[in-house]
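Peer 1: Chains as they are written, first to last, in the working numbering: chain A, 1 to 328; chain B, 1 to 280.
No incorrect hints appear here.
Listed next, with one range per pair, are the computed distances between beta-carbon atoms: (1) B:Y244 x A:S168: 34 to 42 Å; (2) A:R119 x B:L3: 32 to 40 Å; (3) B:F49 x A:L24: 41 to 49 Å.
Derived by calculation from the structure, the hints in this document are not laboratory data.
Computed from a prediction, not measured in an experiment: that's the story for all the values here.
Cβ coordinates follow ideal geometry from the N, Cα and C atoms, glycine included.
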Amino acid sequence: MSQQTETLALHPEIQTRIQKQRGLDKAFRYVTLSAALLVLVILGGVIISLVEGSLPALKKFGFDFLTTERWNPVTEVFGARAAIYGTLMTSAIAMIVGIPVSFGIAIFLTELAPEWLKRPIGIAIELLAGIPSIIYGIWGLFVLAPFLQSNIQPLIIAVFADVPGLSSFFAGPPYGIGIFTAGLILGIMVLPFITSVTRDVFETVPALLKESAYGLGATTWEVVWQIVIPYTRVGLVGGVMLGLGRALGETMAVTFVIGNAHRISPSILAPGTTISASIANEFTEAVGEIYTSALVALGLLLFVITFTVLAMAKVMLIRMQRSAGTRT
Amino acid sequence: MTLYERRKMKNRLALAASSVAALIGLFWLLAILGTLLVNGVSSLSWQLFTDSTPPPGNTGGLLNAIYGSVVMSFFGILFGTPVGILAGTYLAEYGKSNPLASLIRFVNDILLSAPSIIIGLFVYELMVVPMGHFSAWAGTVALALIVVPVVLRTTEDMLNLVPDSLREAAAGLGAPKWQVVGHVVYRAARSGIVTGILLSIARVSGETAPLLFTALNNQFWSANMNTPMANLPVVIFQFALSPYEDWRKLAWAGALLITVTILVLNISARLLTSRSSARQ
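Next comes chain B alone, as it looks inside the complex (with noise of 0.2 Å):
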């Protein structure tokens, strides 16, 4: 075999390679969703939005834990989403180069890949101790902390891709700064704002660890935010880790409602964004 050859033959190889490795990648996704799909799917019906979680061996359904997982994901977004926003602006409009504002992105971008049964831990030291017991309210509370560092990055993220000119035409019309950013840059950047908060939904609707230790779980139907509150991640967690067929069977319907939501939240921050910049 000539150098040539040899050379050829060895690119051909490496991008095989790498074909099979995007192959690969798609095999996991497709897996995943299949199986879900196939044991999920069987698992459903509409028991699963009338009942609250069963005893072992009976039937029932998920609504305790539905109810909790949307009222917690909402208040921590309610809480988080704010914060997220305004530190991000601080970083965009008021940080560009100082060095507080390098410590803070810095920092975020840590809490942003952290672990997130750290948070758990924090909270449940924060509030389930003091108050003496599990509640939904440091549920929401966990929650919140995880929607924050995604909401900012986001935000800072969008309101970077705000050009100046728009901002210095509004200065140049007498619009103090705080008018700038309110009446001006957040309408320029309002859709990629939205697609954080889409994916701070998507991110903490699916997140178990942090609410082990903080609202638990509850066999019961509870709308009392005081009190330990069911909630999806972590019904489907005991009950997939149960010897109950009945139980298995709900962890599977809830782990695929969980997944079918996230992916529909991703999917339509995605085309968000691409129909926004397509405008553009």
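Next up, chain A with everything else stripped away, as it sits in the complex (with noise of 0.2 Å):
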């Protein structure tokens, strides 16, 4: 009945007017529906493909694949453990050196640095972002690695020597190149993340719990301690979670100075190699079905590792924004 009224009402040329908008409105909503869709395909694909690359070695291994050390092209036997230890290890190396220096950074840019040092101390963390991984593993093969070899290296191999159960840990030769050089690269590398969004969960600790621990006589380090860390503790946990899928995915900066040797050192000083590591050198050189379906499946291993951290950190930032949202 309404519908007979509007068109009564309007003119037949309005109508097939407004008949065109609506078909150009759905049009651009499917158009952009489609784009939005491609990302959704695009990671279908990536599983997908590195599924089926990875089917012959993971027939051929089976669990084996995980737990063996060996990594043998000749006689086409692999194993991903070495490689597995290595992005452990080196990451693990990157979060105890980064994660302290990140939280100091972001509680100096929120609570202690002037207004004017705020923004070029900010921009300056953010640049360090953008910096590519090849030019920091350019860096850390000429630069980082000799001082280490020639400076720092000689003198934790000299101090561990005789210190029970650790010596073994930090045992020479000081090669520069190494787990131990990788991980702290990768520490540098992953401050700039770990720093912004520390930095930002921390500006979401609303001013009047500050102010009124302020007012009950807590110096500024107590503030950040018991006030803002514990508010935005689940956001933090967040930030060093995106950190850490950082680390564990870095390839090229890796791939410079951790040495490609498939064995596992007792010590950290030694050379080692990682998941990335491995793919980015052998992959172009591989012969044969079963060696470039291992690298491949290195690289599914990456992937599973790599996206269920980034999910489990951007799980917890969603919920902290969630709970920021409420309490405010």
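Hints in hand, dock the two standalone chains.
Peer 2: See below:
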């Protein structure tokens, strides 16, 4: 009925125009929707191609792929254990180095720095995030590694030589390149990522809470330690996980300084390899189906690990945002 | 020491430590830029821009690598940007609170930080294996896949900053949705969207891992997109790890070129957003 009155009221030309615009609206909606769906298609494509590519190796080695240390292209026996160890170890070192420094920078930026200093330092830290990983790599290989080799590593080796339990962990010789150097570079590379999340979540703390604590006579440090950090705990963990996700998957910088040795040494000063460095180093030279497939299987493994870590980080940050939304 | 003094002492120590942390952060930036300048500037010459990469022991330049990087980045941006902008539009304009949009947002954020070497493997399986050879097109697709999440994210953020009253005013004048978005929202968010594109150019111009198994490298000049093509990041990677002094010098020069490009892009993106926010 109402349809009919509308038809009567409107001039036919206007009606066709409205029809046309409605059609265009629908088309616009579907075009944007399909672009958005492409994101899911990319993810699906990545998963399918990695699984398909790694099937030959996974069929041949099964679960042994994860636990075997040997990586021998000649006899075609491949195991990911050394690469997994290297990935986890370098990322652990990166976190030990990166977390305290990032938190320090964030505290400096939110609580301490005078207004005129906040912006330049914030920008400098963000520029650090923009430097591509290959630049960190070339710098690490030609500047940091030689420096560590001649100045720092002999010292570490000497200091820990007589400490029971730790001496083999820091045993020489000082190669310069190796797990330790790679972890250190990763630590520098994750700084800007953890710092920027940390600063953002620190800024969500309501001024009222902080002022109440100051009003009770708390020092700046006590406000940070007892008010800001507990309030932002979930977000901080999210930021750290985001940095961890980056560190686990970082490729080029690590490839330069890791030494690419498929073995697990007791010393963290020794050369090793990571999942991503193995792929970057060997993929174009891999001959034979099984070798290539083993490298793709490493890629699948890396994808599963980083995806899990990043997804957890994301969930925590979303939860943080929600709770900040309801509490203020 | 009284309790009060102890607390003040602890406070001073902690704050000093966080200032030191900030200095450490600045120190790395300066250290990296410093070495790049010292090593890169001494290797700069006009030959870089006129000659292709040399065989070991000869002098040469980076012309083929610069060309390859520019062309592949250009097409990567050309393919990736529209998809990113349209998808960001969907999330901001239609997907405020629907579960599909939340899922896409979530996946996109993960793709944004996922290791780019995975993208390289994906495109290898997708294009290099079926085509039977490495090619510049495969490299382009890999770069485009890296551009999409970056542009999507900034577009969505920037569209969300456009006040709803603008949309309502346009709709109130009878404009259909596509015109509201196309003529009003995009215009209001223009500088923000351009910022996203600049940032994505900065991001792809240094990407190495996805090009390793897609575009590979080429010792010679090539403008054929169906063949392997030289590009700065991969050339830097190979030359820096080589034992030849000439090659290492070229690697430093290339590293300086890339870093300067990226810093310029990052800083201009920042100026663009700060100027437009000052105008509002």
